Structure formats: structure tokens, C-alpha cells
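J.: Protein chains in written order, with the working numbering: chain F, 1 to 229; chain C, 1 to 101.
It is worth saying that the hints were derived from the structure and are not from the lab. Some hints could be false.
[Said to hold, decoys possible] Using 20 Å as the maximum straight-line C-alpha spacing, the simulated SDA-like pairs for lysine to any residue come out as follows:
| id | chain 1 | residue 1 | chain 2 | residue 2 |
| --- | --- | --- | --- | --- |
| 1 | C | K16 | F | V217 |
| 2 | C | K82 | F | P163 |
| 3 | C | K64 | C | K82 |
[Stated by the list, open to error] Computed beta-carbon distance windows for the label pairs:
| id | chain 1 | residue 1 | chain 2 | residue 2 | range |
| --- | --- | --- | --- | --- | --- |
| 4 | F | E23 | C | R52 | 25 to 33 Å |
| 5 | C | T77 | F | E12 | 26 to 34 Å |
| 6 | C | R52 | F | Q101 | 34 to 42 Å |
[Said to hold, decoys possible] Pulled from the structure, derived: some chain F residues nowhere near chain C, Cβ distances all over 12 Å:
| id | residue |
| --- | --- |
| 7 | W10 |
| 8 | N14 |
| 9 | I37 |
| 10 | T42 |
| 11 | P59 |
| 12 | Y64 |
| 13 | A100 |
| 14 | T108 |
| 15 | W183 |
Source: prediction; values computed, not measured. For every residue, glycine included, the Cβ atom is placed at its ideal position computed from N, Cα and C.
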Amino acid sequence: MQSSHMETNWAEENLQTIRTLMERSALYRRALAPIMIFAGGTDIVAAVAGCLLGFRSAPGFIGYWIGVACFGVAGAFLLVRRQAIKSAEPFWSPPARRVAQAVAPPLTIGFLVGLWVFIACLEPSDIDPPTGMSDDAGTLIWLPAVWALFYGCALHAAGFFTPRGLRLFGWIFITAGIIVFFWLLLTNRQDYPEVSWQASHWLMGVLFGLLQLTYGVYLFLTGEEPNET
Amino acid sequence: MNPEPFLQLDRVIHEKGRLAIMSMLAAAPELSFTELRDALAMTDGNLTTHIRALQQEGYVAVAKSQNNRPLTTCSLTPAGRKAFADYINLLEQIVRQNKGK
Chain F
1 MQSSHMETNW AEENLQTIRT LMERSALYRR ALAPIMIFAG GTDIVAAVAG CLLGFRSAPG
61 FIGYWIGVAC FGVAGAFLLV RRQAIKSAEP FWSPPARRVA QAVAPPLTIG FLVGLWVFIA
121 CLEPSDIDPP TGMSDDAGTL IWLPAVWALF YGCALHAAGF FTPRGLRLFG WIFITAGIIV
181 FFWLLLTNRQ DYPEVSWQAS HWLMGVLFGL LQLTYGVYLF LTGEEPNET
Chain C
1 MNPEPFLQLD RVIHEKGRLA IMSMLAAAPE LSFTELRDAL AMTDGNLTTH IRALQQEGYV
61 AVAKSQNNRP LTTCSLTPAG RKAFADYINL LEQIVRQNKG K
């Protein structure tokens, strides 16, 4: 009787271990290179377009870049969907669900920070001389760094359910965000009203465009791509 | 208790390290040697030995490719998938049998 009880426990424990190992093994394996190249390219083009189109005001800057982010996310979804269809696999697979759940909190917080600043900038200022002048995007030079921090956290969290290179890339974003943030803070650049409004767009282009494009090209050239399954 | 299911358990898969390898491979189309080694915290030698045993039994296929650097990938063969499914079924049978008592 005792031996059969032990065997049941042993079999149950083994099944649990097998389940855990299978879950851990079911990594999210959609190819990252096209997504990173698309996102990086989009952000570089958006940075140039942002300067050319003259999004000078703080609300204009935030609204513009939230729009670019939505476009990037939609494009990434389409690329993933295309890969899923090509390999005859479900789009919303358990690993895809886990990745989405992992990135959701930091991306939501990043979005909410942007929204909060957007609303704050819309309110009439009672400071003398009043802010809200037409070229105040320069005063938001710190925002790209904060977004980079949250984006890095999202990539790092997703990296637990993907091949591990993404976690390292998340750290690169976090480090870049911290460096830019402290550089601005220590040089008091965010306090200079003469910081050009284009600088914020360029910073977005470098942080999000250049980094993602470089990573995508690196994945493409080295073949360090997860299998397209 | 009916000892049959317990005695039917595949001895090759039953070993702890090999069972872990089979479990990982069962949930992924293929995994690289490095991914398996890191996930299971095994040494290169230990993992090689286990994979060789599974390969000899026809449960695991090993492919080597050269894409800028050598890459060894492992996957379950159809025989391996069937053996693993049978193993799981037997474990579930043991649990059901003893719980039904």
C-alpha cells in the first residue's frame, strides 16, 4: 500500500517536472531580425520626418512618437502573423501569449508616462514667462531616455521566453537610457530652453532606430535567429 | 497494484537526464546543443553522453550546420515522439490506477 502511494507520488512529481520542462522549452521562436530591422528603420525614418515636418511642441512630439510606436507595433504584428501563416502555426500560441504578458506592464507604463506628460503639456502654464511656446519639444529631451528604460525592461522580460540574446539587448537599452538620462541630468541640459527641439527627435532616432536596426542587422548577418517555426 | 505499467516504462527515457532532454525536445521542433546545456545545467560531456544514448535508440536526431559558426541542433524523431508519448501515458496510468484504489 505504502509502495503504491510512493509510486503515485513519484509518477505525479515526474509528470510535473516534465510539464515544467516542456513549458520552459516552448520558447517564442519567431524570427526577430525582420521585426528589429522594420522597427529600427521606421524609427530612423520617423526621426528624420519628425524634424522635417516640424513637430516642435511637446504635445506634438509625444503624440507623433506614440503614433510611430503604434505603427511599429502594428507592423511587428503583421510580420509575426505572416511568419505564423507561413509555418502553418497559430499566431496566438502559448509562447506568444507569455511574451505579450511579459512586455505589457513596462510598455503600458511607458505609454502612460507619455500620456501624463502629454496632458500636463496641454494645460495652460501659469509660469512667467509661460512655457508652451511653439518649440518646447527640446524640454522633453529626457523623455526618450525614460521610454528607452521601459522598453529595455520590456525586452528583458520578453527575453525569458525567447532565445536569451533578447535579454542582453534589453540590458543595452536600459544602459543606454540610464547613460542618456544621467548625462542630461549632470549637464543640466534639460534645463536649457535653448536645447533644440530637433534634439529630442534625434535622440529617439538613435535610441530606438539605430539600436534596433543594428541588432536586426546583427541577427541577420550572424544567423543568430531563432528557427522560423 | 498492477505492477505492469511501472515495468513497462522505457528504461532509456526513464533516466533523469535523458527524460529532461526528451521533455525539452518534445515541446520544441528543435533545440541547439547550447540551449539544452544551459536550460538543463548539464556539462558538455554529460549532455553528449545522454544525447548519444538517445540517438543510438533512434529517439533523437542530431544535425550539424555551419552558418558562420558551427551549430548542433537536436530534435525528436517520430520514434522518439512515440516513445515519449507512451512514457507519459504510462505515468498517467500509474497515477490513475493508484488514485482509483
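J.: If a hint holds in the structure, say so; if it doesn't, say that too.
T.: Hint check:
With a C-alpha separation of about 40 Å, the suggested pair C/K16 and F/V217 falls outside the 20 Å cut-off, and the hint is violated. A hinted pair counts as satisfied when its Cα atoms are at most 20 Å apart, and C/K82 with F/P163 does not qualify at roughly 27 Å. For the hint pairing C/K64 with C/K82, the CA-to-CA distance comes to about 24 Å; that exceeds 20 Å, so the pair is violated. Against the hinted window of 25 to 33 Å, the Cβ-Cβ separation of F/E23 and C/R52 comes to about 27 Å, which satisfies the hint.
Taking the beta carbon of each, C/T77 and F/E12 are about 28 Å apart, inside 26 to 34 Å as hinted. Between C/R52 and F/Q101 the beta carbon distance is about 38 Å. The supplied range of 34 to 42 Å therefore holds. Non-interface call for F/W10 relative to chain C: violated, since the shortest CB-CB distance, roughly 8 Å, does not exceed 12 Å. Not every CB of chain C is more than 12 Å from the CB of F/N14 (nearest about 6 Å), against its label as outside the interface.
Under the 12 Å C-beta cut-off, the non-interface status given to F/I37 relative to chain C holds; the minimum distance is some 18 Å. F/T42, annotated as away from the interface, keeps every beta carbon of chain C farther than 12 Å; the closest lies near 27 Å. Distance to chain C confirms F/P59 as a non-interface residue, since its nearest Cβ pair spans about 46 Å, more than 12 Å. At roughly 39 Å, the least C-beta separation between F/Y64 and chain C is larger than 12 Å, which holds for a residue marked as non-interface.
Interface exclusion of F/A100 from chain C stands, the closest Cβ pair being 19 Å apart, more than 12 Å. At roughly 29 Å, the least C-beta separation between F/T108 and chain C is larger than 12 Å, which holds for a residue marked as non-interface. The Cβ of F/W183 lies farther than 12 Å from every Cβ of chain C, with a closest approach of about 35 Å, so its non-interface assignment holds.
The earlier numbered hints that this structure contradicts are 1, 2, 3, 7, 8.
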